[in-house]
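Peer 1: Sequence:
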Amino acid sequence: MNDQWSRRVWPPADDDTPKPMPPLTPTLMPAPADDAPAPDNDLPPSAVWYGTPVEPPRRMPRWLQRLLVAGAAVAVAAVVIGGVVFVILNRSETAPPAMVADPLAGVSYSLPPEWTEGVVAPVTGFTSVAARGDLATVMARPEAHVEPDGLGPAVLDLSSLYAKLLLHGDKVEVVDDRDITIGGRPGHTRAVRAEYRDVVNQPAFMRVTLLTRPDGKSTVLLGLAHPDDPRSRADIETVMTGVH
Numbered sequence: 001m002n003d004q005w006s007r008r009v010w011p012p013a014d015d016d017t018p019k020p021m022p023p024l025t026p027t028l029m030p031a032p033a034d035d036a037p038a039p040d041n042d043l044p045p046s047a048v049w050y051g052t053p054v055e056p057p058r059r060m061p062r063w064l065q066r067l068l069v070a071g072a073a074v075a076v077a078a079v080v081i082g083g084v085v086f087v088i089l090n091r092s093e094t095a096p097p098a099m100v101a102d103p104l105a106g107v108s109y110s111l112p113p114e115w116t117e118g119v120v121a122p123v124t125g126f127t128s129v130a131a132r133g134d135l136a137t138v139m140a141r142p143e144a145h146v147e148p149d150g151l152g153p154a155v156l157d158l159s160s161l162y163a164k165l166l167l168h169g170d171k172v173e174v175v176d177d178r179d180i181t182i183g184g185r186p187g188h189t190r191a192v193r194a195e196y197r198d199v200v201n202q203p204a205f206m207r208v209t210l211l212t213r214p215d216g217k218s219t220v221l222l223g224l225a226h227p228d229d230p231r232s233r234a235d236i237e238t239v240m241t242g243v244h
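Going by the UniProt record's numbering, the sequence shown opens with residue 1, and the numbers climb by one from there.
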């Protein structure tokens, strides 16, 4: 019984000769694809297929970020300020000349460059004043009615009075005396030059102009320059002839 079950049944009993093993056929490995990376013995398999890990870029330091932001802010502010200055300068160049309106004297007049309107004391009787620093001044005030044929004598009296009050010259010379018409208003003007014996006081210039008004009254214009120079004379003439 035991012999029956312990007897080998395969291979069959009639073929007990061992058979040789079939020769092994070498198996060829598939060739790597053209797009596969070349093997590198120093890299792990993941690096061969996906490439060598690249170190991420370094972040910009916070202090450098703040510096760049501050620099950009300064640049923008400079551009804005420059634009504002440019606009202001262009506006000042194209701005109309300053005007002085004196309804009490019945006149208004424009001012030359560097001239500004001032404030006069009521006791002087003048109701408006404009000046270029301490070099030249023009004032205006109302006057009672003066007949056209009395304009010359009235201006003579006024220029003599103001020369004594304001000039105190050792020598006063008349440099201009004539009838005028300004803005359709008949008038008369007289200019004098005062000189001094001392070497401290330079010569002074004064012009007095009297104009009629449509309402029957008159207007007195007084111009002073110290020292006397061509520009101051021209500015006073410009103000007075521009009255309307």
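Simulated from the structure, these hints should not be mistaken for lab results. Treat the hints with care, since some could be wrong.
Stated by the list, open to error - Label pairs and their in silico Cβ distance ranges: (1) 178 with 120: 37 to 43 Å; (2) 150 with 125: 36 to 42 Å; (3) 98 with 229: 20 to 26 Å; (4) 181 with 144: 19 to 25 Å; (5) 149 with 198: 36 to 42 Å.
Glycine included, C-beta positions come from ideal geometry on N, C-alpha and C.
Peer 1: Hint by hint, say whether it matches the structure.
Peer 2: Results of checking the hints against the structure:
Restraint check, residue 178 to residue 120: a C-beta distance of roughly 27 Å breaks the suggested window 37 to 43 Å. Judged by the Cβ atoms, the range 36 to 42 Å given for residue 150 and residue 125 is violated: they are separated by roughly 20 Å. In this structure, residue 98 and residue 229 meet the distance hint of 20 to 26 Å, their C-beta atoms being roughly 22 Å apart. Taking 19 to 25 Å as the suggested C-beta distance range, the pair residue 181 and residue 144 conforms, at roughly 21 Å.
Hint check: residue 149 to residue 198, Cβ distance near 41 Å, so the stated range 36 to 42 Å holds.
Consistency note: the structure conflicts with the earlier hints numbered 1 and 2.
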